[in-house]
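Engineer: The lines below spell out each chain.
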Amino acid sequence: MSRTILHVDLNNFYASVECLYRPELRDKPVAVCGDAEARHGIILAKNQIAKLVGIKTGEAIWEAKLKCPGLVTVSANFRKYLQFSRQAREIYADYTDQIESFGIDECWIDVSGSLQLFGSGSDIADTIRKRFREELGITASAGVSWNKIFAKLGSDMQKPDATTVITKENYRDKVWPLPVGELLYVGRSTRQKLQNRGIYTIGDLANRDVHRLRLLLGVWGETLWAFANGLDSAPVRLNGEESLIKSIGNSTTTVRDLVNNTEVKLVFYVLAESVAARLRKHGLKCRTVAISVRNKELYSFERQGKLQIPSFISNNIAEKAMELFTTNYIWDKPIRSLGVRGADLVTANGHIQIDLFEEDNLEPETLEQTIDTIRRRFGHYSVQRCAMLLDRQLTGFNPKEDHTIHPISYFK
Amino acid sequence: MGKVHVEVVAQHDKEGRIRPLSLLWEDGRKFPIDRVLDIRQAASLKAGLQGMRYTCRIGGKEVYLFCDEGKWFIEK
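Going line by line, the protein sequences match chains A and B.
Take the first sequence: its letter number 5 is residue 5 in our numbering, and every next letter is one higher.
Take the second sequence: its letter number 11 is residue 11 in our numbering, and every next letter is one higher.
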């Protein structure tokens, strides 16, 4: 049976919420920005007027102000955005129980089961958009299709406040002429590879021989080919269905650029402690540690390495991270941001192969759990590593609790 | 265009429903709310807010009274 899937994307979400609360800004170019003092001074979202003058998400505030001197910058209020996001989900919940968020402002909802009650997919999309306008005061774009990939493409086609329907009859005309980079999971490097083979549009991709794509991109070749042909059959998850965790990571843009190994080490320890604490909280251990490094020119890379035994100990993770870092970085540029991630997760109480000659990890594990307890009772900063005191400025953040919004993968 | 912050006397019942009974206008005058005609979630572009909207009859006129996280407003 063919499904009816909606993808709803709240237009310029952060900026729309800010403009709703401040009517005096509505006819001005507005951008929502991170905190410039903490060096998060980039554009997070902009309204339609700012979009037209070419302001881009991710730009530094000063760059944006050069393009548009009259730009009004407002700081982000995540509590408000989360509230609107929750209210949007409550509206979706009137039509189905299959609601899957993709970030804070996007959702897939599968309405196949409620077509008899509420009318066709595009009727439901229009009703939802109308309710958003009236009840929340913000607009949304909706895509309607029989699979999640095309629904998402549909929601990007017309903005703001519109419904786009992609059917099995019209997808060749509507989807195939789009540039291949529009497709989910075709990023910069995949797009380059495809373009080198003369694949410029989604249609080009769909009409290629799947075996050749497999040779070019591996298993991804098949996945992308299926995406392009509308063969994706991934279900829309049930509301509240917990996604399996694939990795746990934290990253930070440091208060100032890092210039030597000691500073990097300090930051890695803070991040590793948070990653380790979160692993313990979920009863998991990681077998692989990955780091991401971004220098001040915004060039970034990621490296990963295996641990000898699965671990949720911050020392193990931080040491591995440091090892990866020293073998992969030559200090040609100062560093702007760092990340640590534990991947390849196993349950914490699984059996492990003990090393005959080395000491086991039991003692450090008990120690870390004790620290968790102390921190829970007396606060995060009640017990700290001595090294953290070397530089309070660099280490004075708590990634575990300061973070609320996590990035999301399509393949959960 | 804008909103006026008002003080409200309201009745909270056991089910968690809220019924506004009277409101105190800026100039100190107190208006009893004769009837609540409609309660729904709504945004007001005019006032720049979003919350529970109570359509109230006050002195024969219909007025929108908004409650946004415990604060009460009227469109102006």
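Rather than coming from a laboratory, the hints here were simulated on the basis of the structure.
One or more hints might be untrue.
If we take Cβ atoms under 10 Å as the criterion, some of the chain A residues that face chain B in the derived model are [what the hints assert, rightly or not]:
no.: 1; residue: Y21
no.: 2; residue: V74
no.: 3; residue: F78
no.: 4; residue: R129
no.: 5; residue: F132
no.: 6; residue: E134
no.: 7; residue: I138
no.: 8; residue: R237
no.: 9; residue: L284
Computed cross-link-like contacts, DSS-like style, restricted to lysine-lysine with a CA-CA straight-line distance of at most 25 Å [stated by the list, open to error]:
no.: 10; chain 1: A; residue 1: K333; chain 2: A; residue 2: K296
no.: 11; chain 1: A; residue 1: K51; chain 2: A; residue 2: K193
no.: 12; chain 1: A; residue 1: K51; chain 2: B; residue 2: K46
no.: 13; chain 1: A; residue 1: K130; chain 2: B; residue 2: K14
no.: 14; chain 1: B; residue 1: K61; chain 2: A; residue 2: K80
no.: 15; chain 1: A; residue 1: K130; chain 2: B; residue 2: K3
no.: 16; chain 1: A; residue 1: K80; chain 2: B; residue 2: K46
no.: 17; chain 1: B; residue 1: K30; chain 2: B; residue 2: K61
no.: 18; chain 1: B; residue 1: K46; chain 2: B; residue 2: K71
no.: 19; chain 1: A; residue 1: K80; chain 2: A; residue 2: K159
no.: 20; chain 1: B; residue 1: K61; chain 2: B; residue 2: K14
no.: 21; chain 1: A; residue 1: K80; chain 2: B; residue 2: K30
no.: 22; chain 1: B; residue 1: K46; chain 2: B; residue 2: K61
no.: 23; chain 1: A; residue 1: K28; chain 2: A; residue 2: K56
no.: 24; chain 1: B; residue 1: K71; chain 2: A; residue 2: K80
no.: 25; chain 1: A; residue 1: K265; chain 2: A; residue 2: K400
no.: 26; chain 1: B; residue 1: K14; chain 2: A; residue 2: K28
no.: 27; chain 1: A; residue 1: K28; chain 2: B; residue 2: K30
no.: 28; chain 1: A; residue 1: K80; chain 2: A; residue 2: K28
no.: 29; chain 1: B; residue 1: K14; chain 2: B; residue 2: K46
no.: 30; chain 1: B; residue 1: K3; chain 2: B; residue 2: K30
no.: 31; chain 1: A; residue 1: K174; chain 2: A; residue 2: K193
no.: 32; chain 1: A; residue 1: K159; chain 2: B; residue 2: K46
no.: 33; chain 1: A; residue 1: K28; chain 2: B; residue 2: K76
So the derived list for chain B, only partly shown, Cβ under 8 Å to chain A, looks like this [what the hints assert, rightly or not]:
no.: 34; residue: I39
no.: 35; residue: A43
no.: 36; residue: Q50
no.: 37; residue: T55
no.: 38; residue: G59
We treat Cβ as the ideally placed atom computed from N, Cα and C, and that holds for glycine.
Engineer: Are the hints correct? Go through all of them and say.
Structural biologist: Hints, verified against the model:
no. : hint             : result
1   : Y21              : holds, 5 Å
2   : V74              : violated, 13 Å
3   : F78              : violated, 15 Å
4   : R129             : violated, 13 Å
5   : F132             : holds, 9 Å
6   : E134             : holds, 6 Å
7   : I138             : holds, 8 Å
8   : R237             : violated, 25 Å
9   : L284             : violated, 36 Å
10  : A:K333 to A:K296 : holds, 7 Å
11  : A:K51 to A:K193  : violated, 30 Å
12  : A:K51 to B:K46   : holds, 24 Å
13  : A:K130 to B:K14  : violated, 32 Å
14  : B:K61 to A:K80   : violated, 32 Å
15  : A:K130 to B:K3   : holds, 24 Å
16  : A:K80 to B:K46   : holds, 19 Å
17  : B:K30 to B:K61   : holds, 15 Å
18  : B:K46 to B:K71   : holds, 17 Å
19  : A:K80 to A:K159  : holds, 23 Å
20  : B:K61 to B:K14   : violated, 29 Å
21  : A:K80 to B:K30   : violated, 32 Å
22  : B:K46 to B:K61   : holds, 19 Å
23  : A:K28 to A:K56   : holds, 16 Å
24  : B:K71 to A:K80   : holds, 15 Å
25  : A:K265 to A:K400 : holds, 18 Å
26  : B:K14 to A:K28   : violated, 45 Å
27  : A:K28 to B:K30   : violated, 38 Å
28  : A:K80 to A:K28   : holds, 21 Å
29  : B:K14 to B:K46   : violated, 33 Å
30  : B:K3 to B:K30    : holds, 18 Å
31  : A:K174 to A:K193 : holds, 24 Å
32  : A:K159 to B:K46  : holds, 23 Å
33  : A:K28 to B:K76   : holds, 22 Å
34  : I39              : violated, 12 Å
35  : A43              : holds, 2 Å
36  : Q50              : holds, 5 Å
37  : T55              : violated, 13 Å
38  : G59              : violated, 27 Å
Checked against the numbered hints above, the structure breaks hints 2, 3, 4, 8, 9, 11, 13, 14, 20, 21, 26, 27, 29, 34, 37, 38 and satisfies the rest.
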